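Can you make the complete structure from the sequences, with help from the hints?
4 protein chains.
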Amino acid sequence: MYTFINDYSEGAHPKVLKALLETNDEQTVGYGNDQYCISASKKIQDELGVDADIHYVIGGTQANLTIISHLLKDYQAVISTDQGHISVHETGAIEATGHKVLTRPHEDGKLTPAMIKDILDEHTDEHMVQPYLVYISQTTEVGTYYTLDELKELYACVKDNGLLLFIDGARLASALTQHDAPSLKDIASLCDVFTIGGTKNGALFGEAIVILNEQFKQGFRFQMKQKGSMLAKGRLLGIQFDALFTDGLYYEIGKHENDMALSIKETLKKYQFHIVFESTTNQIFVDLDNTILEKIEKEFKVSHIQKISPDKTRIRIVTSWATNQNIVDKFNTYLSEIA
Amino acid sequence: MYTFINDYSEGAHPKVLKALLETNDEQTVGYGNDQYCISASKKIQDELGVDADIHYVIGGTQANLTIISHLLKDYQAVISTDQGHISVHETGAIEATGHKVLTRPHEDGKLTPAMIKDILDEHTDEHMVQPYLVYISQTTEVGTYYTLDELKELYACVKDNGLLLFIDGARLASALTQHDAPSLKDIASLCDVFTIGGTKNGALFGEAIVILNEQFKQGFRFQMKQKGSMLAKGRLLGIQFDALFTDGLYYEIGKHENDMALSIKETLKKYQFHIVFESTTNQIFVDLDNTILEKIEKEFKVSHIQKISPDKTRIRIVTSWATNQNIVDKFNTYLSEIA
Amino acid sequence: MYTFINDYSEGAHPKVLKALLETNDEQTVGYGNDQYCISASKKIQDELGVDADIHYVIGGTQANLTIISHLLKDYQAVISTDQGHISVHETGAIEATGHKVLTRPHEDGKLTPAMIKDILDEHTDEHMVQPYLVYISQTTEVGTYYTLDELKELYACVKDNGLLLFIDGARLASALTQHDAPSLKDIASLCDVFTIGGTKNGALFGEAIVILNEQFKQGFRFQMKQKGSMLAKGRLLGIQFDALFTDGLYYEIGKHENDMALSIKETLKKYQFHIVFESTTNQIFVDLDNTILEKIEKEFKVSHIQKISPDKTRIRIVTSWATNQNIVDKFNTYLSEIA
Amino acid sequence: MYTFINDYSEGAHPKVLKALLETNDEQTVGYGNDQYCISASKKIQDELGVDADIHYVIGGTQANLTIISHLLKDYQAVISTDQGHISVHETGAIEATGHKVLTRPHEDGKLTPAMIKDILDEHTDEHMVQPYLVYISQTTEVGTYYTLDELKELYACVKDNGLLLFIDGARLASALTQHDAPSLKDIASLCDVFTIGGTKNGALFGEAIVILNEQFKQGFRFQMKQKGSMLAKGRLLGIQFDALFTDGLYYEIGKHENDMALSIKETLKKYQFHIVFESTTNQIFVDLDNTILEKIEKEFKVSHIQKISPDKTRIRIVTSWATNQNIVDKFNTYLSEIA
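Chains as they are written, first to last, in the working numbering: chain A, 1 to 339; chain B, 340 to 678; chain C, 679 to 1017; chain D, 1018 to 1356.
Everything labelled a hint here was simulated from the structure, so no lab data went into it.
There's no promise every hint is true.
Derived DSS-like pairs (lysine-lysine); straight-line CA-CA distance at most 25 Å [as the list claims (entries may be wrong)]:
| hint | chain 1 | residue 1 | chain 2 | residue 2 |
| --- | --- | --- | --- | --- |
| 1 | B | K412 | D | K1090 |
| 2 | A | K159 | D | K1234 |
| 3 | B | K354 | A | K15 |
| 4 | A | K159 | D | K1090 |
| 5 | B | K604 | B | K594 |
| 6 | A | K73 | D | K1090 |
| 7 | D | K1035 | C | K696 |
| 8 | C | K751 | B | K412 |
| 9 | D | K1329 | D | K1286 |
| 10 | A | K265 | A | K312 |
| 11 | A | K269 | A | K330 |
Chain C regions said to be covered by chain B (calculated; three or more residues, Cβ under 8 Å) [to be verified]:
| hint | segment |
| --- | --- |
| 12 | 738-752 |
| 13 | 802-811 |
| 14 | 892-902 |
Pulled a few chain D residues facing chain A out of the computed Cβ check, cut under 8 Å [to be verified]:
| hint | residue |
| --- | --- |
| 15 | S1086 |
| 16 | D1091 |
| 17 | H1144 |
| 18 | G1236 |
| 19 | F1239 |
| 20 | Q1240 |
Only a predicted model underlies this, so the values are computations on that prediction, with no experimental measurement involved.
Where a beta carbon is used, it is the ideal one built from N, C-alpha and C, also for glycine.
Rendered as structure tokens:
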């Protein structure tokens, strides 16, 4: 049975694995101060075109809780959509560092300037938390992405209101290769902190944290160590990101994931299944009759997201670096047989 | 330049790496619910001889903060020596989860029943924290270890006083192969929770958390997720521990590290250098004249621990799975030339 | 200018003040272990008819954060309406102790079993917080109250789902004198913890915390001390609650507040103003044309709650122990002149 | 039985009580924004001679945890003596806000520049917390006080090392009237934040928090509300501090407490009892033969601090605003009879 349940079902991309193998016997200093982390950061820096502090942590929840607690004072809160990963799927990790997550219902997976203003209007005095940080994901939880124009508008609103913007890039690769999405260089001037996700784009694990705002560069390694985000053999993260940012591998994987998803999507559309969120990234949300779903699940695993009606279920299909054309063809053919 | 600075300077033991390679393309479920984690836990369970809940996390600080916050109520505190890793070298990670670390000066790296009683005598009412958990490391921060008898005596004191015992096994392998140290089976009845360290014993990363006390088994995965300790591709931890607990590899590596250290130690003793803590594990603390130290550091890197006098420095030498006889011979020869 | 802005604009009821004066020169032990706290607790206990642990703290936010952090494990969350005091008006005090507040839009100020079930349905695994405690206020933030039947139904749902119920009684007195509301004796078997508010019912300050559930009695004074909720001259709280629970003063004040509000409400209704939440307690929410509001505010202060339209504002009028018939008559007369 | 156990055994000084009585029926705004808080702050400001932000909270633990969490970033720690109130007697309140308390053994109750330097030398990298705030008490836990010269030297060390100084003035009055101690005006330029204790100097309760350092003035009321430190009827604090800072009452009470203690001390010395810490404040630590102690305790209550030997006990005697000459004479006479 092949699983489309998520994009972290397999190990690492062969090139990433090769880099780990080739360096295995070398001795390096620990905790991310090694030459591989330095090299990876230089490569990322080059793409950004601006000076940034870059750190590497194992996973997304770690990245989010370390960053958010670093950016906020005790009484400050973070703004997110109601579907934001930090709001729903991190078991209160942000609250565990002492901070409230303020939400508004998402629009197509996204947060809008209007939502920010609405939250600011509501929070007027010291009897309420002080909203200070805006959190978005690129791509979003539902597979959509912020276009360059949308991000510009959002960040203008953030700055106008004296706030900060943090972009969770767990699936950034999937957005970077969209023609109207912000590039790394764009992002470098359109937020205060962002992450570049490795786990869901070919690495064994790892998120790069990019701090752009000078004010928050200081002390971040203390924050990392305290929150358990500092890896002893830190070079493992450097080696992987170095490989991902060599010869455009990071983009190549992102594009591959999107292409595989696109191929599936076209077939779904062809048979008139209801695609829920229009998107060209590696996540597909589709509403299926349970009879069809049962048939699919004889051969493929997919995530059940929501019961839409007694007869209909919303499912999610995700493609990864390892999803190949072969599998996609098999799925599409199977679909054409049962549709 | 060869470094003896720590036991996480290299990647993974070849057998661990091989296991990762061979399984790379397989699809598994995430977050530690895969067959490799199950298999590893079964192997560990077999050695324990009792029923335990076993979880896997990336690193030691993560393990410590997740476990300690899981075991304690808000107002309860953990007892440690003044050299305990949680007290000194985790940037207040335990305090960041809300708990005080109560300390007494170590004796030969160890915590004694007398220290526990002294702390209990001091904490008598609700104006002070309530000591509830005892934290020790096996081996200790200075390379010594608790013998089976010592651990029995300590745990008796812990139980007599209605407390809990948590053993940090970041360097457990190095103790397990000592003839008078507690085995895994012994430990299974002499504490409430302990960890089995992988990072410093041949894994790329990873600590196994073994929960023995029934009362604290519930909810631990919630705690892990909240504290950022749950790895997306959790199977990476299962695969490594499965390899380590196949054909006695975990013990073999521990013994190898100890043997390499022993060989160096004998040479140091031969030339009458002052070994600070008598130990047969993989850490050596030795006081050296600065003139000797400078010479050593032309060829080998070692940790500077403390200035003993204007002319003398306490250093630490650590051996790892990757330290081979060749290197040790080279070091010993070099030592004989400069001593 | 008389203010109807809240029920803590004045000092203490004369009988409470008298009790403080008469005992001023006595020496007592500190921190709530004095005879006055014991006497007050005995009187409250007598009304409850069951065994309970009773503690006294200064204010509502203190009570809420101390209780909620005492009842929850790290990864557990509290359920509240979107208007719950802990959700909106305590500057993230609950999150600062590490816990998420899960909300649903209120119905007439209240939380319903359906909301609880909806939240439970959503929270299914360890990637999300574990809902464990239900928080309601009696009376609610909008001046309504849970009837005995409603509370029974709610607590049945709470127990059926293995949860806990905490009732914030900051304005409990105002509900206790309603014919169909639960009495103290009723409440004693229909929740796990509740508070009896003094600040808004004739005391200078003070909330009594009543712990009914055996499981959570232990260690509460440690929790109080840690959270800064333990008053040095604790007898001040005991003296006040002893006075409030002597000869029915607590009920008398609650009834007086309600009576004063009722008189105002009848006048408002007479002139066809829109009363927003039907209630017979001491808070009145009413939508007024701005022209009327401006006139009222020449003589009386009221809280602005919300802009309803460009021409209309929702205001709140609150009566207190000190609001007398004289003032109410004056307000009613004035209203009849401007209406 | 008269108790010398502490200085919060009685209610409030008559003048403070009178002020509360006279204003009881007035209506004011809540949460410390009333005219009495403003008036009190103006009076305190006048004595300081510099611009400061002044806030009022109920008690010492609240003040300490609110201030310290306001001044520190997540990974920063506070320095204290091993006897510091925050280290021992607040049930881990500081750790509960996430911060480690670093200690060194006190010298005569005091913290010295050498201790600060020693702690700074130990904390060198991001694997350890970052010491940032120095906490001292004036008077100290053992009744001694920092002279003006000592405070100058300490603050110079604090500034030289880029740290902050917070002075806990729970018993400040007792120091202010010493000829060589810093005045309020002195303190205003020799620390970053300090408190002026009311609870132990004639108030029912209350500590004034004085923020001198511009950088930390912002957001403090948010911090207070979140930590449960904001009193609904905030004017109660303003009224009391206004009375205490009218016509020198605060100093008068401090001097009275000291005078009463001095009279007792002279008698103790006359009969050659061992006074442990030389001091002229309101706390006396004395080592007594148990036979003498038993006799004293037939008529007077005192605190047992420590068993010095099987036959000897260290006790503490504390005088308060309410300790009068009559009682002191009685105690002295009684002492002369049993000595």
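Going down the list of hints, with the structure as the test:
Distance restraint check for K412(B) and K1090(D): the Cα-Cα separation of roughly 24 Å lies within the 25 Å cut-off, and the hinted pair is therefore satisfied. Between the alpha carbons of K159(A) and K1234(D) the distance comes to roughly 23 Å, so the proposed pair stays at or under 25 Å and holds. Annotation: proposed proximity of K354(B) to K15(A) holds, straight-line Cα distance about 20 Å (limit 25 Å). Straight-line distance between C-alpha atoms of K159(A) and K1090(D) comes to about 23 Å, which keeps the hinted pair within the 25 Å bound.
Using a Cα cut-off of 25 Å, the hinted pair K604(B) and K594(B) holds, with the two alpha carbons roughly 15 Å apart. Taken as a hint, the K73(A) and K1090(D) pair is honoured in the structure, with Cα atoms around 8 Å apart against an allowance of 25 Å. Restraint check for K1035(D) and K696(C): the C-alpha separation of about 12 Å stays at or below 25 Å, so the hint holds. Using a Cα cut-off of 25 Å, the hinted pair K751(C) and K412(B) holds, with the two alpha carbons roughly 8 Å apart.
Between K1329(D) and K1286(D) the alpha-carbon distance is near 17 Å, which keeps this suggested pair within the 25 Å criterion. Of the supplied pair hints, the one linking K265(A) and K312(A) holds, its CA atoms being roughly 18 Å apart against a limit of 25 Å. Restraint check: the Cα-Cα separation between K269(A) and K330(A) comes to about 17 Å, which is no more than 25 Å; the hinted pair holds. Interface restraint, the segment 738-752 of chain C with chain B: holds (4 residues with C-beta to C-beta distance below 8 Å; minimum three).
Only residues whose C-beta sits within less than 8 Å of a C-beta in chain B count toward coverage, and the segment 802-811 of chain C has 4 of them, enough to reach three; the restraint holds. Interface restraint, the segment 892-902 of chain C with chain B: holds (5 residues with C-beta to C-beta distance below 8 Å; minimum three). Below 8 Å, beta-carbon pairs count as interface contacts, and S1086(D) has one with chain A at about 6 Å; its hint therefore holds. Hint status for D1091(D): holds, given a least beta-carbon distance of 6 Å to chain A, under 8 Å.
With 8 Å as the threshold, the beta carbon of H1144(D) comes within range of chain A, its nearest partner Cβ sitting at about 6 Å, so the hint holds. For G1236(D), the interface hint holds, the least distance from its beta-carbon to any beta-carbon of chain A being 6 Å, beneath 8 Å. Among the interface hints, the one on F1239(D) holds; its C-beta lies about 4 Å from the nearest C-beta in chain A, closer than the 8 Å criterion. Annotation: interface hint on Q1240(D) holds; nearest CB of chain A at approximately 6 Å, less than 8 Å.
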